[in-house]
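K.L.:
Sequence:
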Amino acid sequence: MKVLANDGLEISAINEIKKNGISIETNHLDKEALIENIKDYDVLVVRSATKVTSEVLEAGAKGNLKLVIRAGVGIDNIDLDYAKKVGIKVSNTPDASSDSVAELALGHMFSVARYIAVANYTMRNGQWNKKQYKGSEIAGKILGIIGMGRIGKALAGKAEALGMKIIYTDALGKQDNLAYEFMDLDNLLKVSDYVSLHVPYDKDKGALISSREISMMKEGAVIINCARGKVVDEEALLEGLNSGKLAGAGIDVFEQEPSKNTELINHERVSVTPHIGASTKEAQERIGKEVAAIVINFNK
17 MKVLANDGLE ISAINEIKKN GISIETNHLD KEALIENIKD YDVLVVRSAT KVTSEVLEAG
77 AKGNLKLVIR AGVGIDNIDL DYAKKVGIKV SNTPDASSDS VAELALGHMF SVARYIAVAN
137 YTMRNGQWNK KQYKGSEIAG KILGIIGMGR IGKALAGKAE ALGMKIIYTD ALGKQDNLAY
197 EFMDLDNLLK VSDYVSLHVP YDKDKGALIS SREISMMKEG AVIINCARGK VVDEEALLEG
257 LNSGKLAGAG IDVFEQEPSK NTELINHERV SVTPHIGAST KEAQERIGKE VAAIVINFNK
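Numbered according to this note's numbering, the sequence shown spans residues 17 to 316.
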């Protein structure tokens, strides 16, 4: 069996796969080269950089391709409908990065609440704005979590330990095993001090948070998006920030990546990171282990 890890993979995972007698290559192929060569591989492993389009899947289906693995949680860069149509299995690693993404969401909350990002920038430019950056504590604030999956639950546990009150909404409804209060989306938006999104992007429905939703939020609320860029309408988000409706935002994902929305990136009340939610040593090691296990079991 031949595996192509087109966006790279942890060396320990590569060694584990090789130890089981499986060939694996990590040379990155661009779209044209991938379409031309994918027929020679049984398994394709990708992160977020490679787009597994219908063209890639069609070319693979004409050859040996039987499995596509997303080394991460989101699989919106894979054409799932076409994969199903041509009989190619799709897997991901949903357990590996929950804590890493949850910690980054918390980091953005602290950054906005205590002006960490902007203070860091202005101090490096010779300013001493001690009186200007009067922040607020996150303890005692209401955190509304949209999407109570693995990441949402990880964030809830960490935020509750810091003294936040947790409420949530989820497309699957109330979860009986959770003690947190369940609300519909509209009511959650009305009462939350912080709103953190942990849901996939639905291209048929479009942005989950747009002007309508922002208008319902509390004055001075904060939006945290470590999910997918298009889940939040960036134009509506900017309007909310510029009008003062929103006190700030923490953003790890963008409508276009790398983002060209310089007004949003440079906004003084926005904390930004370049899609690094799962970029920790621990998460990448866990992702590698999961990918290796999936490949090895598939080869049995």
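Some hints here could point you the wrong way.
Stated by the list, open to error - With a straight-line Cα cutoff of 27 Å, these simulated DSS-like cross-link-like pairs (lysine-lysine) come out:
{"#": "1", "residue 1": "316", "residue 2": "101"}
{"#": "2", "residue 1": "181", "residue 2": "234"}
{"#": "3", "residue 1": "18", "residue 2": "100"}
{"#": "4", "residue 1": "219", "residue 2": "101"}
{"#": "5", "residue 1": "174", "residue 2": "190"}
{"#": "6", "residue 1": "78", "residue 2": "47"}
{"#": "7", "residue 1": "234", "residue 2": "100"}
{"#": "8", "residue 1": "18", "residue 2": "101"}
{"#": "9", "residue 1": "47", "residue 2": "219"}
Worth flagging that the hints you see were computed from the coordinates, not collected in a lab.
K.L.:
Does residue 219 lie within 27 Å of residue 47 when you go C-alpha to C-alpha?
P.N.:
Holds, at about 22 Å.
K.L.:
Would you mind confirming whether the straight-line C-alpha gap from residue 78 to residue 47 stays at or under 27 Å?
P.N.:
With Cα atoms ~17 Å apart, residue 78 and residue 47 stay inside 27 Å; holds.
K.L.:
Starting from residue 316, check that the Cα of residue 101 is at most 27 Å away, please.
P.N.:
Between residue 316 and residue 101 the Cα gap is close to 24 Å, so the pair holds against 27 Å.
K.L.:
For residue 181 and residue 234, compute the direct alpha-carbon distance and say whether it is at most 27 Å.
P.N.:
With Cα atoms ~16 Å apart, residue 181 and residue 234 stay inside 27 Å; holds.
K.L.:
With the threshold set at 27 Å, check whether the alpha-carbon distance from residue 219 to residue 101 stays at or below it.
P.N.:
19 Å, holds
K.L.:
Taking only the CA atoms, is the gap from residue 18 to residue 100 under or equal to 27 Å?
P.N.:
Status holds; Cα separation ~21 Å.
K.L.:
CA of residue 234 to CA of residue 100, is that 27 Å or under?
P.N.:
43 Å, violated
K.L.:
Is the straight-line distance between the alpha-carbon of residue 18 and that of residue 101 27 Å or less?
P.N.:
This hinted pair holds, its Cα atoms lying about 22 Å apart.
K.L.:
Can you confirm whether the C-alpha distance between residue 174 and residue 190 stays at or below 27 Å?
P.N.:
Answer holds: residue 174 to residue 190 is near 20 Å, not above 27 Å.
When held up to the earlier numbered hints, the structure conflicts with hint 7 and nothing else.
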